[in-house]
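Colleague: If you want the building blocks of each chain, they are given just below.
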Amino acid sequence: MSQHLLQVKDLHTVFPIESGEVRAVNGINFSLEKGKVMGIVGESGSGKSVTAYSILRILDHPGKISQGEILFEDTDITRLPKNQMREIRGAKISIIFQDPMTSLNPVYSVGNQLTEAILLHTNRNRKQARARALEMLELVGVNEPAKRLKQYPYQLSGGMRQRVMIAMALACEPDILIADEPTTALDVTIQAQILELMRELRDKLGMAIIMITHDLGVIAEMCDEIIVMYAGRVCERGTAEEIFYNPKHEYTKGLLRSIPKMTTTRERLIPIGGSPVDLLNLPKGCAFASRCDQAMKVCLEEQPEEIEINNNHRAACWMNVKPQAQAQGGQEDE
Amino acid sequence: MSEHLLEVRDLKQYFPIRTGFLKKTMLKAVDGVSFTIDAGETMGLVGESGCGKTTVGRSLLRLYKPTGGSIKFKGQEIDDRNIQGFRKEMQVVFQDPYSSLNPRMTVNDIVGEALDIHKMCKTEKERDEKVVHLLELVGLNSDHKRRYAHEFSGGQRQRIGIARALAVDPEFIVCDEPVSALDVSIQAQIINTFEELQSRLGLAYLFIAHDLHVVHHMSRRIAVMYLGKIVETAIADDIINRPMHPYTQSLISAIPIPDPEKARARQRIVLEGEVPSPLKVPSGCAFRTRCRFATEQCAKETPVLRELEPGHEVACFHPQMP
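Protein sequence lines, in the order shown, are assigned to chains G and E. Going by my numbering, the first residue of the first sequence is number 1, and it counts up by one from there. Going by my numbering, the first residue of the second sequence is number 1001, and it counts up by one from there.
Do not take every clue at face value.
Pairs of lysine-lysine, PhoX-like flavour, derived with a Cα cap of 25 Å [said to hold, decoys possible]: (1) G/K82 with G/K64; (2) E/K1088 with E/K1024; (3) G/K253 with G/K284; (4) E/K1119 with E/K1074; (5) E/K1065 with E/K1280; (6) E/K1088 with G/K147; (7) G/K253 with E/K1262; (8) E/K1262 with G/K261; (9) E/K1119 with E/K1088; (10) G/K150 with G/K34; (11) E/K1012 with E/K1300; (12) G/K36 with E/K1262; (13) G/K150 with E/K1300; (14) E/K1125 with E/K1145.
Hint data in this document are derived by calculation from the structure and do not stem from the laboratory.
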């Protein structure tokens, strides 16, 4: 068995629709190790959520994985039959969604929803499951957990609901927790509590976390390793320090430039021009080329491969390619 | 003294809530808020959800009928009879891009409706051009014109809402979380657009948001709200760098910093618990239940805004001098 908990290899996910094929994820590679927090950052439509949903195979119709493999403990889970996949979902890999308001079932009590997952994936009986649910609520810092078990989602605040979601996701001690914008819908002081909680639980339970967010602040605080996605591809990956202090992809640079900083001298923000790329008609070359100030001829014609900047850092941008290497790279690609 | 564009005095907005059979409790969403906004100025309003910041914005526009207090626009008291005349001058960009667009209207109709109502375009062609111009301004394109709201992502819908507000060239816009649904790269475009429009047309904004980075960037002054009251107000840099109210301090320390080293180095003041229900606001200072410095006095008396430094007002018995 390899040391990687999860390996995503050349993943392609498409949504065939009437007017063509929406290519949401176009060849993603990454691996996740035990106990690490990996951040996936990107704009809406960059494929970060679709990547997560592909891993769990909970893609909305008509989405499907068209190519590539996802190895979880060396098993390709893209080819598992439905019933086996169901055993992985929630038990080994679980997910917390962005919106705690809509991802809990309004007609079941919190206790009911929590015990359901536990009964499904463990050998506990109803009473034990109930006890486990109570224990989980305590763990995630819900006050008066016994009372909360009987309550319905509408009776809880947003932060409480997100805690319940986390409790539910962690009830079966998964190896991987996918957090899809877990704090976007929450207030900053509650966000701080939830991020703190996730860090604590990671240390306590040792699970790996895939943190999907568009908030560079959250990424900076939480993640060991960062993947920057654009148009369904990885444009840059590296440690938090490398990405924030030494960005090598024009898109990453643009992202970092476009966030307001809380400095006294208020500089005008430098936005990234243009609009996000149309996933129905992906360009031949680099998907970011049409919005990039530094775009060259080669960018429009050829897809840049990921190039190693150093041991902890790779970027897929022609700017990092030396002229002669570029010519060679071009030949290899053909 | 020059006249303020907008002057709000002791604004109160209560909602009767049924809390039992025949029993009603007043939910004090906004409880005595005063501030002024000058022409061409941006004031930021921050606070957590449920603190009443959105309600302030809506009461200003009389989308709710305020329970008490006075609102003056260009020195003229706004009331039910004359509000129609102010609608073109005061616009709003709403928070929720899902419920604020009519699902049965095309984008062309949504953005163009205000143009029609206020008879701003003489010819069909002019109207078309204006709509396309507005759409481009907010990061959409002319192809989107014939589509319906459901065909757009949350972010794109919010852009349509912004285009709609900008359509009538208003003088004052209540921006209720206008960029929180947008992607960072687009967010910067919209913020710049807001700023450009402000310098070109002398627009004034009430910028309501929970993202302090954005509010700080946009605003000259910031007011911090907690449970229906303003707890601290100062120029933007002072709120960020020299907050004095314990609530503001913890709010500032909770903001994620997009800089890994600084983020790790910083000491957080993590607030315990959650905002109390606005139906059961604690006596005295509403923040005392979560405050590290709370004393008996805080439970008995309600602190009012005091000017501790020029232009820096704090409603706290134990302000923490930085």
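Colleague: Take the hints in turn and mark each one as holding or not.
Modeller: Results of checking the hints against the structure:
1. G/K82 with G/K64: 14 Å, holds
2. E/K1088 with E/K1024: Distance of about 36 Å is beyond 25 Å: violated.
3. G/K253 with G/K284: 22 Å, holds
4. E/K1119 with E/K1074: Measuring from Cα to Cα gives roughly 24 Å; hence the hint holds.
5. E/K1065 with E/K1280: 23 Å, holds
6. E/K1088 with G/K147: Violated - the C-alpha atoms of G/K147 and E/K1088 are around 50 Å apart, more than 25 Å.
7. G/K253 with E/K1262: Given that 25 Å is the threshold and the Cα spacing comes to 19 Å, the pair holds.
8. E/K1262 with G/K261: Answer holds: E/K1262 to G/K261 is near 13 Å, not above 25 Å.
9. E/K1119 with E/K1088: Between E/K1119 and E/K1088 the Cα gap is close to 11 Å, so the pair holds against 25 Å.
10. G/K150 with G/K34: 35 Å, violated
11. E/K1012 with E/K1300: 22 Å, holds
12. G/K36 with E/K1262: 20 Å, holds
13. G/K150 with E/K1300: Violated, at about 35 Å.
14. E/K1125 with E/K1145: Since the Cα atoms of E/K1125 and E/K1145 sit roughly 14 Å apart, the hinted pair holds (cutoff 25 Å).
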